[in-house]
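Asks: Protein chains in written order, with my numbering: chain Y, 1 to 357; chain G, 1 to 357.
Hints should not be assumed to be uniformly reliable.
Since the list gives no way to pick one copy over another, a pair counts as held whenever it fits inside one copy or between any two copies.
[Stated by the list, open to error] Derived BS3-like pairs: lysine-lysine, alpha-carbon spacing no greater than 25 Å straight-line:
1) 245 - 102
2) 172 - 102
3) 102 - 322
4) 357 - 102
5) 138 - 172
6) 172 - 245
7) 311 - 172
8) 52 - 311
What the hints contain is simulated information worked out from the structure, not anything from laboratory work.
Number of protein chains: 2
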Amino acid sequence: MQTDIEPTLTPDTLVNSRFLRACHRRPVDATPVWLMRQAGRYMTEYRELREKYTILEIIKTPELACEVTMQPINAFDLDAAIIFADILPPLEGMGLELEFVKGEGPIIHNPVRSAADVNSLRVPPPQEALSFTLEAIKLTRAELDNRSIPLIGFSGAPFTLASYAVEGGSSKNRLHLKGLMLGDPAAWHNLMTKLSDVAGQYLLAQAQAGAQVLQLFDSWVGDLSPDDYRQFVMPYSQRAIEIAKQSGVPVIHFGTNTNGMLDLIRDAGGDIIGVDWRIRLQDAWHILGDNVAIQGNLDPVALFAPWDALKEHVQLVLDSVKGRPGHIFNLGHGILPNTPVDNVKRLVDFVHEYTSK
Amino acid sequence: MQTDIEPTLTPDTLVNSRFLRACHRRPVDATPVWLMRQAGRYMTEYRELREKYTILEIIKTPELACEVTMQPINAFDLDAAIIFADILPPLEGMGLELEFVKGEGPIIHNPVRSAADVNSLRVPPPQEALSFTLEAIKLTRAELDNRSIPLIGFSGAPFTLASYAVEGGSSKNRLHLKGLMLGDPAAWHNLMTKLSDVAGQYLLAQAQAGAQVLQLFDSWVGDLSPDDYRQFVMPYSQRAIEIAKQSGVPVIHFGTNTNGMLDLIRDAGGDIIGVDWRIRLQDAWHILGDNVAIQGNLDPVALFAPWDALKEHVQLVLDSVKGRPGHIFNLGHGILPNTPVDNVKRLVDFVHEYTSK
């Protein structure tokens with residue numbers, strides 16, 4: 001499916017966006033690059049703002065979310081911005097009590113553990129429950145448009161949302177989550193139907209608010225066997241992506257530890273598949289086939305290495321897919337808190353310099 | 001390489017061991033089954049003993065290690081025993097101070113962080129540093145021989161040992177470990193040379209003490225990119241396996257999150273490759289090829305499911321490699337602490353019943 005690029009590009013300048021062109025597997029003047037979590041703790045500007053506001057305060061104040069979204073755009077020559085938000089606020093709208101606890105990460109105070117808990121979850125329209133992020137997208141688009149840099153909207157995928165909703169936070173083995181999935185399939189399917197509606201409608205609303213590309217983050221789906229993924233998760237990721245695709249904008253489908261089931265991830269949908277660093281990029285693309293673009297896949301820890309070692313790692317990624325249109329350079333997962341800023345700058349510049357024609 | 005089975009089997013009865021036959025990809029009367037960490041916290045007998053002794057006391061007292069090794073053999077119809085030990089005691093012999101801290105897991109009080117730290121590591125012969133486990137193997141062999149159940153010896157692989165040695169415990173992103181690897185390659189190679197000697201010699205000594213199969217656990221190697229694995233780790237896993245193979249006994253090579261680089265894991269060596277549950281077993285075997293047996297790969301969390309759901313999951317694993325000699329049924333990683341014992345018993349019996357000819 002070689003979709004046409006123009007319908008999704010309103011300002012004429014964006015036709016030449018190398019990021020959007022790569023999303024559509026068109027030839028580019030240089031490989032586009034952005035970094036998952038590119039706005040975040042590794043930047044001084046972000047840490048300064050965090051001394052005054054909590055994460056949720058920043059996310060829920062459109063002006064602050066816009067400001068943080070722009071921080072890495074102002075600091076580095078990135079080819080895309082991603083709206084500053086988090087995958088968890090959609091769960092608040094469903095009735096879950098979310099808190100970011102210092103040192104512990106996100107906590108849900110009333111996790112979903114039973115069919116009754118699932119039944120009581122609401123599915124509010126994103127325009128009501130997540131208006132702050134939609135507003136932040138509008139503000140950020142106004143800032144970005146004179147720079148020809150596209151804006152990415154995103155949502156957690158149904159499984160990853162379910163993981164937080166059911167476990168109540170991070171979890172090593174996801175016993176509650178898989179317990180519900182295998183022990184009460186009816187409740188599970190009810191939960192996943194609600195979550196796929198929430199994720200899909202949220203993505204669609206972000207595109208309607210101005211996001212030009214959407215990313216579905218299924219960060220934890222790699223903990224499933226392929227057969228469990230196919231039976232219990234894939235139909236819901238598919239449903240979320242189908243709703244999002246009503247917008248007409250490209251969808252990036254990202255997961256980690258999915259290298260044993262990339263064919264299923266691809267079949268669930270997405271124009272661009274994001275892969276982690278645990279597979280050679282050309283091997284991943286060989287499995288995924290010609291009908292998708294690919295995003296990745298530097299080990300985030302490589303950014304802590306001396307520049308020469310980092311450069312070699314970046315070259316290996318770029319060389320492995322050289323000359324094939326449709327590669328978006330990124331990390332294999334989010335950038336880490338203490339990443340040296342100098343290396344980020346050199347990385348972004350090097351990707352352009354090394355691949356420019 | 002279709003190796004001959006007989007030289008490694010001293011008691012005649014063991015020629016009919018379905019576990020050993022499967023290791024050599026010979027036809028079996030039923031699929032053999034054992035479970036990683038089969039002696040452990042999910043068993044009442046083990047928890048009772050742990051009220052009186054620490055983990056290290058059990059490991060270092062051959063009679064207790066033998067007793068714990070035998071607990072699951074007495075409780076279930078398992079096809080192999082694995083000596084009760086841990087992957088970390090070899091680091092003590094090298095000069096590292098190991099402690100198991102309640103609730104936190106293993107801690108190394110003097111982690112390896114520099115070239116000087118690496119230089120000061122000793123490589124003592126296992127007969128000196130790990131005599132307790134070698135003695136436990138001798139005692140356990142005496143117990144097992146009248147039951148025709150083979151005994152597995154094991155070691156952590158160089159990378160996984162390095163991870164604990166350098167990080168000083170568990171670690172999410174392994175910044176210190178990869179920092180040493182990418183920042184000081186000379187120190188890294190020195191460290192990995194020492195660790196491959198330690199692991200290889202330890203495995204060889206276990207075979208000489210009576211272990212009939214050896215397993216190399218590279219639990220954390222899946223955090224590496226394939227290119228980093230090939231350059232910084234593979235030669236050392238290869239070296240450890242080559243030393244172990246001097247014994248003539250089959251070697252199982254196990255890792256998790258390695259599904260993007262199974263070809264490299266195979267090329268590093270091993271007669272049997274252990275895979276996690278994140279890939280269909282037949283897909284893994286397709287990548288691995290005909291010259292190795294395969295071990296795996298049920299999601300350990302499936303053991304918490306109601307029996308019907310668990311049974312379906314076991315059937316999927318067994319059906320996917322039906323009729324192909326060389327499958328050893330196991331979990332995709334170690335059995336978890338609160339696993340229901342009834343499900344373990346039913347699982348083991350069902351594997352035999354469902355596959356018996």
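Asks: Next, verify each hint and record whether it holds.
Replies: Each hint tested on the structure:
1. Within a single copy, residue 245 and residue 102 get their C-alpha atoms no closer than 36 Å, and across copies no closer than 49 Å, so neither meets the 25 Å cut-off.
2. When the C-alpha separation of residue 172 and residue 102 is checked against a cutoff of 25 Å, the pair qualifies both within a copy, at 19 Å, and between copies, at 17 Å.
3. Taking the shortest alpha-carbon separations for residue 102 and residue 322, neither the intra-copy value of 43 Å nor the inter-copy value of 50 Å comes in at or below 25 Å.
4. In this homomeric assembly, residue 357 and residue 102 never come within 25 Å of each other (Cα to Cα): the closest approach is 46 Å inside a single copy and 58 Å across copies.
5. Proximity of residue 138 and residue 172 under a CA criterion of 25 Å is satisfied in neither setting, with 37 Å inside one chain copy and 36 Å between copies.
6. Taking identical chains as interchangeable, the C-alpha atoms of residue 172 and residue 245 are never at most 25 Å apart, the minima being 33 Å within one chain and 35 Å between chains.
7. Only between protomers do residue 311 and residue 172 lie at most 25 Å apart by alpha-carbon distance; the minimum there is 24 Å, versus 33 Å within a single protomer.
8. In the homo-oligomer, the alpha carbons of residue 52 and residue 311 never lie at most 25 Å apart, since the shortest distance is 36 Å inside one protomer and 54 Å across protomers.
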